[in-house]
Each structure stands twice: as C-alpha cells, then as structure tokens.
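Undergrad: Numbering (the working numbering) for the sequence shown: 174 to 867.
Bear in mind the hints are in silico, worked out from the structure with no lab data behind them. Accuracy of the hints is not assured; some may be wrong.
Listed below are the simulated DSSO-like cross-link pairs for lysine-lysine, each with C-alpha atoms no more than 27 Å apart in a straight line [what the hints assert, rightly or not]: (1) Lys-347 / Lys-470; (2) Lys-508 / Lys-420; (3) Lys-470 / Lys-515; (4) Lys-846 / Lys-794; (5) Lys-846 / Lys-799; (6) Lys-420 / Lys-515; (7) Lys-347 / Lys-420.
These figures come from a predicted structure and were not determined experimentally.
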Amino acid sequence: MSKQLRTTLIAIAVPVALIVWATAVFAMDRASNGGEVLGSVSVAGTDLGGLSEAEARRALLDLQERLSTDPITVTVAGDTFSLLPSEVGFSIDVESVLEEAMSHGRRGGVAGQFGWWLGSLAGGDTLSPTLVTGYSRAALDQVLDRWVIESIDNPAYEGGVEVVGGRVAPVYPKTGIGIDNDESARLVAAALVDFTRTPIELPTQVITPTRTPAELDAIVARYEAEAADLIDSPVTLSWLTPPVSVKFDQALLSESLRARLVSPDSDELEFYFDADPLITYLLGIRDQIEQPPVDAKIVARMDEQLTIIPGRSELLIDESAVAGALLQASRSATKAGAFPFKEGTPPNLSTQEAEDLHVDTLLYRATTYFPCCGDQTNLNRIQNIKRIAEEVDGALVMPGETWSLNEYVGQRTIEDGYARAGAIIGPIVQCCDNAANIGGGVSQFATTLYNAVFFSGVKDIAHTPHTLYFSRYPMGREATLGYPTPDVVFQNNTDAAILIDTDADDTSVTVRFYGNNGGLEVESGLSDQRNFVDAGEVYQADPTMDPNGEPRETHGSAPGFTVTVFRYITYPDGEQTTETWVWTYDPYPAVFEVHPCKLPPGHDDYEPSCPAGVPSLLGLKERAAKDQIQAGGWTAAVSYVQNGGTCTEADNEKVINQNPEAGSFLLPEEEVKITICQWTAPPTTTTTTTVPDS
C-alpha cells in the first residue's frame with residue numbers, strides 16, 4: 174500500500190471512529206438516565222436536573238407547600254394584613270411543569286437529541302420551565318370583603334335582609350368606600366408568583382349601591398309568609414332504630430332562622446337555619462341522642478334456626494347536617510324529618526363479619542336434669558344453674574380461640590346473683606358455710622357444657638370430673654367447676670365460629686353448640702367399672718341428739734371405682750380417631766349424725782364431755798331437787814314465789830318450775846334454775862254481833 178493511500182485511509186478512519194465512540198457513549202448515557210430530568214433545569218430556585226420523575230414531582234410539591242405558607246404583606250386603607258397564599262387556594266400545576274422539565278433534551282429526533290447532548294457536554298443551556306399557578310377568585314373575594322370590614326370605617330353596602338324575632342326585615346343599602354376587587358385580584362395574582370414577596374397596596378374607591386330601599390321592601394314583602402310558615406309550629410327530627418326523637422320548639426326555630434339574597438344582584442331570598450344555637454341545644458341533650466356501637470348478633474330461635482341481628486356503628490350527631498335537616502322538615506306538611514346522624518366507632522363485629530363466621534349448623538344439643546323445688550338449698554341450686562346459663566348464653570367463640578368458662582363468667586358471688594347451695598367439701602356434699610357453697614350447683618351446667626364440647630368434636634383443653642359419682646351425670650363424661658379451678662376449657666379448632674346457646678328451667682339445663690365442624694361425627698364409649706374401693710363412714714355433729722342414743726344414718730355409702738371414657742371421631746373423608754380419658758371416683762362414705770361428744774377425737778366439732786339428761790324436778794321438795802341437780806354435776810339457781818298463780822297450798826315448798834325443762838341435755842357445771850312455791854295460809858277473821866236492849 175502506498176504512503177499516500179495509507180494517509181488517506183487514516184484521515185477517514187479517525188473521524189469515523191470518533192463518531193462511533195460518541196454515538197456509543199450517547200446511547201449508554203440515555204440508557205442510564207432514561208427516567209431522569211436531563212441537563213440543568215431550575216424552577217423558582219429549585220433544581221430538578223438529575224432527579225427521577227417521582228423525585229422531581231416531590232420537589233415541585235415541596236415548592237408548592239413552601240410558597241403556600243410564605244405570607245404576602247398587603248395594605249388596605251392604611252391597615253396592614255398578612256395573606257397566606259393557601260387562604261386563596263394557591264397551587265402549582267405540577268404536572269404541566271414536570272412535563273416541560275422531562276422533555277428537556279428529549280425533543281426532536283435522534284439527531285437533534287444527539288446534538289443537544291453534545292452541546293450539554295460543553296456547558297449546554299439551562300431550562301427554567303414556565304411556572305403555571307392558580308388560585309380561587311371566590312376565596313380571594315371573601316378575604317377582600319373581610320378586609321373591608323376590618324379596615325374601612327364607612328364601607329359601601331349593597332343591601333340585604335335579616336331575620337329579627339322570626340320576621341324578615343330589610344337591611345338598606347348605603348354608599349361608602351370599598352376595594353376595587355378586579356384590580357386587587359390582578360395585584361394579588363402577580364404577588365403570588367413574586368417570590369421576593371414585595372408588599373402590595375390594594376386600591377379603594379367610592380361605591381354607590383345599585384339596589385334601592387324600595388326594591389328590598391318588595392323582596393321582604395314577598396317572603397314574609399314563607400318565613401312565618403317555617404317557624405309556626407315545633408319541628409321533630411327522629412330516628413326509628415334505635416328510637417330517637419328530638420323536638421325543636423318555636424322559640425329555638427325563631428332564634429335560629431336566617432335569610433339571605435341568593436346573590437348580590439338577585440331579588441330571590443333563601444332561608445336557612447343558623448347551626449350554632451341548634452348545636453348548643455343538642456349538645457345539652459347529647460347523652461339522650463347519641464348511641465354506642467352495636468355488635469351484630471347471631472341468635473338461635475326457638476326452632477333452633479339461626480338468624481343474624483344486624484350490627485351498626487356508633488351514631489353521633491352530624492353537626493354539619495342538622496340545620497339542613499331542620500329546614501327540610503320545617504317545609505314539610507308533617508313538620509317532621511329524619512335526625513341527621515353520622516357514623517362513629519364501628520362495632521367490634523359487623524353484620525358482614527358475622528355472616529363470614531359461617532355459624533350455620535346445630536353441632537350438638539346437651540341437656541341434663543335435676544329435681545325441682547324442695548328446700549331452700551335446692552332452690553338456691555336451681556337459681557345458680559339458671560344464673561350461669563344466663564351469663565354464658567350467646568357467647569361467641571372465634572375460630573382458633575381457646576375459651577374458658579371461668580374466664581368468661583368470673584368468680585361466682587352473691588352480688589352477681591349467686592346463692593349458697595350444696596358443694597363437695599371434703600369427702601361429702603355439704604352446705605352452707607364454706608366459700609365453695611356460693612354458686613353450688615354450677616357444676617351441673619359445667620357438665621352440660623362439657624357434653625356439648627365432647628359431641629361437637631372440638632378440642633378438649635381441660636375438664637375435671639367430680640370426685641364423687643352422681644347418677645344424674647353421664648359416668649366419666651362430666652365436669653365439676655370451682656374458681657379459679659377446676660375449669661372447663663376448649664379450643665375451637667374449626668374454621669367457623671361457635672355460638673353457645675343456653676336455656677334453663679326448674680328441672681333441666683340445655684347447652685347448644687352452633688357452628689360448622691366440617692361434617693365430622695362423634696360417638697362415645699365407656700368401659701366397665703373397675704378397681705372398686707370400699708366406702709368408710711363419716712360422722713357429723715348434732716347437739717340435739719341423745720349422747721347415749723344410736724347414730725342416725727343420713728346418707729348411704731357408695732364404693733369408689735375407675736372408668737375410661739372414649740371419644741370416637743369420624744371425619745368426612747373416612748378417617749377415624751379415638752381419644753380416651755381415665756377417671757377414678759372416690760368412695761362416698763356413709764354419713765351418720767351423733768352428739769358432738771360421740772364424735773371421734775380430733776373431729777372439728779368433737780366435745781370431750783357428754784351432757785346428761787336433766788330429770789324432772791317438778792313437785793320435789795327444795796332439798797331433794799338440789800340433791801338431784803348436784804348429782805348430775807350441775808349448779809342450782811333457786812328462786813321463790815309467794816301465793817298466787819301456780820303456787821297453791823298443795824305446792825307449798827315444792828318445785829313448780831324448772832329451766833331447762835326435763836329431757837334437755839346439759840354439760841357438767843351448767844346451771845339448772847328451779848322455782849319454789851312458798852304458800853302462807855291467810856289469817857282467820859272473827860265476826861261479833863251485838864243485840865240492842867229492847
């Protein structure tokens with residue numbers, strides 16, 4: 174290759190290589206900065222170059238926030254005011270500015286963009302997008318009207334109306350000073366985008382009203398009847414469920430009625446009620462109006478079908494709607510309308526949430542029975558069963574929840590409606606001086622509840638059978654209840670909630686479980702009794718019994734034994750499981766009553782000395798009676814009575830009364846009181862008769 178050709182090729186290759194290199198760098202630059210603002214872009218001192226589109230939008234919103242809170246100093250008739258742009262709805266058209274910023278360096282074809290890119294490497298140009306802003310003229314006019322009132326002593330007034338004592342009256346127009354609103358709006362609009370915040374002064378002028386007093390009089394005359402009709406009788410706002418009724422009397426209506434022209438140049442009036450006196454009145458009776466939230470409730474009917482009573486949110490006075498509702502009702506023929514409520518706190522369980530719990534099937538109905546009526550102890554027992562059934566009725570156990578009977582009901586107390594009844598204390602049932610006697614009988618409910626747990630197939634967490642066997646309960650498949658233990662606890666291991674529905678009368682208690690266990694089936698099994706244990710004897714004190722008499726049996730004995738309970742669960746897919754519970758019942762000893770001195774030593778009621786029976790002392794001479802008292806180990810207390818009553822001549826010097834009476838039992842050194850008759854013969858009377866001389 175000649176030297177000249179080689180030189181020519183190099184001269185061509187170098188520029189081509191440079192172009193290829195520059196093109197590659199341009200492509201990589203665009204790929205890495207595809208979502209950014211290119212080059213140098215600045216808006217009102219806020220740099221956007223190099224920011225992503227989202228970052229640039231956020232920067233523009235921050236700029237809008239800063240400008241909205243940067244006050245403008247305004248002078249009106251010598252008075253100075255501070256105007257926050259946010260008061261008149263100042264805003265930046267963020268999307269318009271952002272669109273212009275994002276198009277910087279991206280206009281034209283590839284060649285044009287490549288040219289802009291090459292220029293930017295050498296410093297390029299800086300873009301300042303047009304700042305598009307806006308504000309509310311209506312809001313500005315309201316501000317201007319306020320400044321007129323605050324700064325001008327003799328403001329112009331176009332005229333209007335007012336309500337005085339329930340009657341419409343004219344407020345006549347007058348000439349005065351006012352702000353030139355159009356020119357003022359132009360000045361404020363310019364100041365909003367003047368970021369140096371140069372103070373401005375608004376022009377004022379003399380304004381002559383265009384409306385005449387006669388025109389206002391005519392308007393008032395046309396609307397007098399309508400105003401009177403609005404307040405001619407009380408108005409009632411009410412609500413059906415829950416029932417709420419609020420009456421607004423004529424005095425309050427008259428105080429609250431207002432009127433205004435539809436617009437400054439209109440000859441039409443509109444009436445409205447001022448909310449302030451109405452709200453003041455309602456707040457005084459708020460506790461009678463506002464309603465707490467109500468949970469949706471799943472209820473089992475008498476036919477064991479389920480229904481959902483809808484829930485609702487808290488109902489609060491809608492203060493913003495009261496005046497409007499009252500105006501609408503005052504225009505009606507009935508002078509009545511709906512009370513305006515707004516929703517507050519939602520219920521813990523909404524209607525939809527209740528439906529989503531899928532409580533739709535009776536899983537099991539368990540019933541146990543007991544004798545009616547009887548003595549007060551049994552009446553108290555029935556009262557306790559009814560009370561705990563009442564407290565549990567309607568309980569809702571959520572899917573996965575572990576539910577405790579004791580936690581739900583709490584400790585049984587007299588204050589909570591429970592009474593003293595029999596309870597297992599030691600080896601036997603006793604009543605009624607132990608704390609355990611308060612609520613005696615609730616184990617009947619616990620057993621009924623446990624059987625609903627058992628046959629519904631839900632998970633048994635805790636239950637404890639009685640220590641003694643009672644034939645009124647299913648053997649081994651029963652539960653006692655104390656506080657805080659023993660307890661009945663189960664887990665709802667189904668996908669639906671469980672509703673516990675209860676009822677009780679004088680002879681039975683029933684617990685129903687409603688839910689959806691997926692269709693599983695439950696059967697029970699029971700082993701033979703085994704490991705029998707003989708019962709012993711228990712003695713109880715009866716101070717009225719003869720210490721020398723035979724013990725009196727009050728309850729027969731029953732042996733202790735062990736049984737096993739089985740639960741067989743069959744699932745819809747055919748799978749079966751078996752659960753077992755083993756329980757040993759204590760023997761129930763025979764119960765005998767004896768005098769305390771015949772109790773075994775060490776018994777709480779044991780008395781070491783036995784009393785003796787007091788003999789009859791009536792008719793004995795004092796000495797003989799004292800000898801018998803002394804022979805019994807007692808002390809004598811003697812009193813005397815003179816003639817009269819039961820003390821006759823035949824009873825002289827004999828015992829005519831004793832305390833205690835014969836047959837009573839006294840311990841040694843106790844006192845026997847006797848009363849001795851002391852009879853004295855009445856004196857003899859002699860009568861002498863004298864015969865006169867004849």
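Undergrad: Now, for every hint given, state plainly whether the structure supports it.
TA: Verification of the hints:
1. At most 27 Å may separate the alpha-carbon atoms for a hinted pair to count; Lys-347 and Lys-470 exceed this at roughly 65 Å.
2. For the proposed pair Lys-508 and Lys-420, the alpha carbon gap of about 10 Å is at most 27 Å, so the pair holds.
3. At most 27 Å may separate the alpha-carbon atoms for a hinted pair to count; Lys-470 and Lys-515 meet this at roughly 22 Å.
4. A distance of roughly 14 Å separates the Cα atoms of Lys-846 and Lys-794; the hinted pair therefore holds under the 27 Å criterion.
5. With a C-alpha separation of about 10 Å, the suggested pairing of Lys-846 with Lys-799 holds against the 27 Å cut-off.
6. With a C-alpha separation of about 19 Å, the suggested pair Lys-420 and Lys-515 falls inside the 27 Å cut-off, and the hint holds.
7. With a CA separation close to 41 Å, the supplied pair Lys-347 and Lys-420 exceeds the 27 Å bound.
Hint check: violations occur at hints 1, 7; the rest are consistent with the structure.
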